[in-house]
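*Asks:* Protein sequences, first through last, are from chains A and B.
Residues are numbered in my numbering as their position in the first sequence, beginning at 1, plus a constant of 644.
Residues are numbered in my numbering as their position in the second sequence, beginning at 1, plus a constant of 4.
Keep in mind that the hints were calculated from the coordinates and are not lab data.
Treat the hints with caution; some may be incorrect.
[As the list claims (entries may be wrong)] Lysine to aspartate or glutamate pairs mimicking EDC-like chemistry, simulated, CA-CA at most 16 Å apart:
#1 A:Lys707 / A:Glu653
#2 B:Lys107 / A:Asp736
#3 B:Lys38 / A:Asp738
#4 A:Lys826 / A:Glu843
#5 A:Lys755 / A:Asp800
#6 A:Lys942 / A:Glu901
#7 B:Lys38 / A:Glu743
#8 A:Lys942 / A:Glu863
#9 A:Lys756 / A:Glu743
#10 B:Lys107 / A:Asp738
#11 A:Lys891 / A:Glu880
#12 A:Lys755 / A:Glu743
#13 B:Lys107 / A:Asp733
#14 A:Lys707 / A:Asp717
#15 A:Lys707 / A:Asp718
#16 B:Lys38 / A:Asp736
#17 A:Lys826 / A:Glu863
Spelled out, the chains give:
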Amino acid sequence: MASLNSALEISGLRKSYGGRSVISGIGFSVPVGACFGILGPNGAGKTTTLRCCLGLTPPDEGKILLGGHSIPDDACAARARVGVVPQFDNLDPDFTVNENLLVYSRYFGLKKPEMRRRIPGLLDFAGLTDKENARVEALSGGMKRRLTLARALVNDPDILFLDEPTTGLDPQARHLIWDRLKQLVAQGKTLILTTHFMEEAERLCERLIVLDHGQIVAEGNPHELIASQIEPNVIEIFGENAVAWAKARRALCQRLEIAGETAYFYCNDTTLVCEALDKERALHSLHRAANLEDVFIKLTGRELRD
Amino acid sequence: MSAHPSGKPGLPSAGLFSFGWIPVWRRNFLVWRKLAFPSLLGNLADPLIYMLGLGYGLGRMLPRISGVDYMQFLIAGMIVASAMNAATFESLYSAFSRMRTQKTWDAILVTPLSLDDVLAGELFWAASKSFLSGFSILLVISALGLSSLPLALWVLPIIFLTGFAFAAIGLVVCALAPSYDFFMYYFTLFITPMLMISGIFFPVENLPHSIYLVASWLPLSHAVRLVRPLLLGECPQDIVLHVAVLLGVTIVAFRVAVFLTRRRLLN
Numbered sequence: 645m646a647s648l649n650s651a652l653e654i655s656g657l658r659k660s661y662g663g664r665s666v667i668s669g670i671g672f673s674v675p676v677g678a679c680f681g682i683l684g685p686n687g688a689g690k691t692t693t694l695r696c697c698l699g700l701t702p703p704d705e706g707k708i709l710l711g712g713h714s715i716p717d718d719a720c721a722a723r724a725r726v727g728v729v730p731q732f733d734n735l736d737p738d739f740t741v742n743e744n745l746l747v748y749s750r751y752f753g754l755k756k757p758e759m760r761r762r763i764p765g766l767l768d769f770a771g772l773t774d775k776e777n778a779r780v781e782a783l784s785g786g787m788k789r790r791l792t793l794a795r796a797l798v799n800d801p802d803i804l805f806l807d808e809p810t811t812g813l814d815p816q817a818r819h820l821i822w823d824r825l826k827q828l829v830a831q832g833k834t835l836i837l838t839t840h841f842m843e844e845a846e847r848l849c850e851r852l853i854v855l856d857h858g859q860i861v862a863e864g865n866p867h868e869l870i871a872s873q874i875e876p877n878v879i880e881i882f883g884e885n886a887v888a889w890a891k892a893r894r895a896l897c898q899r900l901e902i903a904g905e906t907a908y909f910y911c912n913d914t915t916l917v918c919e920a921l922d923k924e925r926a927l928h929s930l931h932r933a934a935n936l937e938d939v940f941i942k943l944t945g946r947e948l949r950d
Numbered sequence: 005m006s007a008h009p010s011g012k013p014g015l016p017s018a019g020l021f022s023f024g025w026i027p028v029w030r031r032n033f034l035v036w037r038k039l040a041f042p043s044l045l046g047n048l049a050d051p052l053i054y055m056l057g058l059g060y061g062l063g064r065m066l067p068r069i070s071g072v073d074y075m076q077f078l079i080a081g082m083i084v085a086s087a088m089n090a091a092t093f094e095s096l097y098s099a100f101s102r103m104r105t106q107k108t109w110d111a112i113l114v115t116p117l118s119l120d121d122v123l124a125g126e127l128f129w130a131a132s133k134s135f136l137s138g139f140s141i142l143l144v145i146s147a148l149g150l151s152s153l154p155l156a157l158w159v160l161p162i163i164f165l166t167g168f169a170f171a172a173i174g175l176v177v178c179a180l181a182p183s184y185d186f187f188m189y190y191f192t193l194f195i196t197p198m199l200m201i202s203g204i205f206f207p208v209e210n211l212p213h214s215i216y217l218v219a220s221w222l223p224l225s226h227a228v229r230l231v232r233p234l235l236l237g238e239c240p241q242d243i244v245l246h247v248a249v250l251l252g253v254t255i256v257a258f259r260v261a262v263f264l265t266r267r268r269l270l271n
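When you get a sec, could you build the whole thing from the sequences and use the hints?
*Replies:* Here it is in structure tokens:
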């Protein structure tokens with residue numbers, strides 16, 4: 645066992661498929677007990693990075709240490725102490741909630757009496773206590789997600805991987821998952837999550853990396869990234885001729901971005917833009933603080949990724 | 005990265021010779037238990053209807069075949085064919101559902117179990133379904149007085165072995181299949197012709213020599229040549245050869261299935 649302060653350590657990781665490089669030499673380390681985010685547009689290499697970490701894909705180059713185990717050589721031993729919430733639910737539709745947890749625990753070699761003791765706690769954590777005998781098909785999307793989270797905890801893991809844990813959930817369900825993830829961090833577990841909800845990353849992650857085209861384009865604490873990478877204020881302007889109006893006043897702020905019919909003024913000081921706006925009746929504007937999404941878009945661009 | 009004893013460098017493997025397959029087998033068993041009645045009915049009723057229908061219907065028009073009633077002749081064929089069918093359906097359609105549609109395998113692959121364990125679990129499970137099918141038919145025909153106990157009990161391990169062989173081949177096909185429709189090729193080009201030339205419905209000794217030669221390479225013929233004498237109360241000939249072929253097919257096909265499935269899922 646090495647590197648007791650790092651739950652996950654990656655260096656020089658490379659992976660390509662059919663000559664196309666998906667991960668081009670990334671390295672980062674996740675401290676024990678942290679909530680660590682991997683952000684990036686579609687196709688940036690997030691899921692491939694996770695698959696490499698779990699020993700599901702052999703990297704072309706690079707070193708991975710997960711919980712002190714070398715991956716992929718020692719992946720089975722590493723996975724014994726790891727839980728995974730996949731991007732798409734793969735619960736067993738033929739089983740009840742209870743059976744899903746019980747059957748899954750067998751894959752970890754856990755015994756039935758022990759699980760009988762632990763399952764009520766897991767169900768309680770997932771808010772599924774009264775659904776114990778419900779079939780998975782009868783659960784709502786949010787409940788399925790919570791069951792998947794409970795299932796990832798059957799082995800009481802030290803490290804939890806979450807691949808877009810709240811995609812497709814309504815705000816209530818999403819907030820409930822966030823609350824549970826914070827509880828897990830408070831219990832001392834290490835969380836590694838991919839997401840493209842910037843709000844999720846901003847709320848949960850102490851540290852994050854932004855991946856694009858298989859490379860790390862930014863790394864740090866979300867609030868520090870906002871402070872260091874981008875102007876603190878944003879004025880969004882839309883309405884008739886907003887774009888032309890804004891382009892003529894480019895000099896009023898540090899940076900101007902245009903996306904479709906909307907202009908974004910990124911400013912250290914908003915006074916000049918606000919004064920100019922006061923004279924315009926036809927324009928609508930929104931004045932807000934810069935957030936992680938602005939950083940993300942600045943780093944990865946506005947064009948669509950499919 | 006150090007090379008692993010079996011397979012792709014660096015990817016952990018376990019498989020046939022560890023116990024990792026047991027929880028996978030138990031998962032499938034639990035699903036089956038919930039649907040056991042219709043499943044058993046399908047495994048039992050279908051071959052019995054064929055057997056009784058063809059055995060009595062066709063049998064009344066036929067002379068004795070290889071010295072026995074057609075019904076007596078057909079029973080062995082039906083037991084072996086239903087064992088093959090049970091393992092084939094399980095390792096094609098059911099395994100493919102668990103791999104692709106339900107993503108059951110994906111869920112297992114992030115636990116300490118390896119893909120080899122998953123495949124070994126599917127192999128053992130599909131063979132178990134064969135066993136169940138063969139066992140239930142044997143029960144019925146024994147109750148009808150159509151088998152000669154206790155020698156017929158030796159049929160059970162043979163059925164199990166036949167299940168292993170066809171489960172392993174089925175897992176190869178599953179690993180190659182882009183979709184469910186692909187399985188039609190396997191049935192039409194392999195399973196159905198094999199049913200016709202392996203001595204299931206009629207003796208193969210009278211077939212043209214070239215077909216007879218092809219048939220003697222097919223695993224189904226070897227299973228039939230073991231089961232038929234046992235049901236008639238005789239000791240089969242060339243036991244070692246027939247068992248070796250079924251075992252060999254199992255081991256080779258399973259190795260190929262592991263290789264192909266790893267390439268498909270763990271690249």
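*Asks:* For each hint, tell me whether it holds in the structure or not.
*Replies:* Going down the list of hints, with the structure as the test:
As the CA atoms of lysine 707 (chain A) and glutamate 653 (chain A) are separated by approximately 8 Å, the hinted pair is consistent with the 16 Å bound. Taking the CA atoms of lysine 107 (chain B) and aspartate 736 (chain A), the gap is near 9 Å; set against the 16 Å cutoff, the hint holds. Our distance criterion of 16 Å between C-alpha atoms is met by lysine 38 (chain B) and aspartate 738 (chain A), whose separation comes to about 8 Å. At roughly 14 Å between alpha-carbon atoms, lysine 826 (chain A) and glutamate 843 (chain A) fall within 16 Å of each other, so this suggested pair holds.
Between lysine 755 (chain A) and aspartate 800 (chain A) the CA atoms are separated by roughly 14 Å; this keeps the pair inside 16 Å, and the hint holds. For the suggested pair lysine 942 (chain A) and glutamate 901 (chain A), the alpha carbons sit about 9 Å apart, so the restraint of at most 16 Å is met. Restraint check: the Cα-Cα separation between lysine 38 (chain B) and glutamate 743 (chain A) comes to about 12 Å, which is no more than 16 Å; the hinted pair holds. Of the pairs offered as hints, the one joining lysine 942 (chain A) and glutamate 863 (chain A) holds, with about 14 Å between alpha carbons and a cut-off of 16 Å not exceeded.
Simply put, lysine 756 (chain A) and glutamate 743 (chain A) have alpha-carbon atoms about 11 Å apart, close enough for the 16 Å limit, and the pair holds. Simply put, lysine 107 (chain B) and aspartate 738 (chain A) have alpha-carbon atoms about 13 Å apart, close enough for the 16 Å limit, and the pair holds. Note on lysine 891 (chain A) and glutamate 880 (chain A): the hinted pairing holds, with a Cα-Cα distance of about 13 Å set against a maximum of 16 Å. Simply put, lysine 755 (chain A) and glutamate 743 (chain A) have alpha-carbon atoms about 13 Å apart, close enough for the 16 Å limit, and the pair holds.
The straight-line distance between the Cα atoms of lysine 107 (chain B) and aspartate 733 (chain A) is roughly 8 Å, inside the 16 Å bound, and the hint therefore holds. Between lysine 707 (chain A) and aspartate 717 (chain A) the CA atoms are separated by roughly 11 Å; this keeps the pair inside 16 Å, and the hint holds. Among the hinted pairs, lysine 707 (chain A) with aspartate 718 (chain A) is consistent with the structure: their alpha-carbon atoms are about 12 Å apart, no more than 16 Å. A threshold of 16 Å between alpha carbons decides the hint, and for lysine 38 (chain B) with aspartate 736 (chain A) the separation of about 13 Å falls inside it, so the pair holds.
The straight-line distance between the Cα atoms of lysine 826 (chain A) and glutamate 863 (chain A) is roughly 21 Å, outside the 16 Å bound, and the hint therefore fails.
Going through the hint list in order, the structure does not satisfy hint 17, though it satisfies all others.
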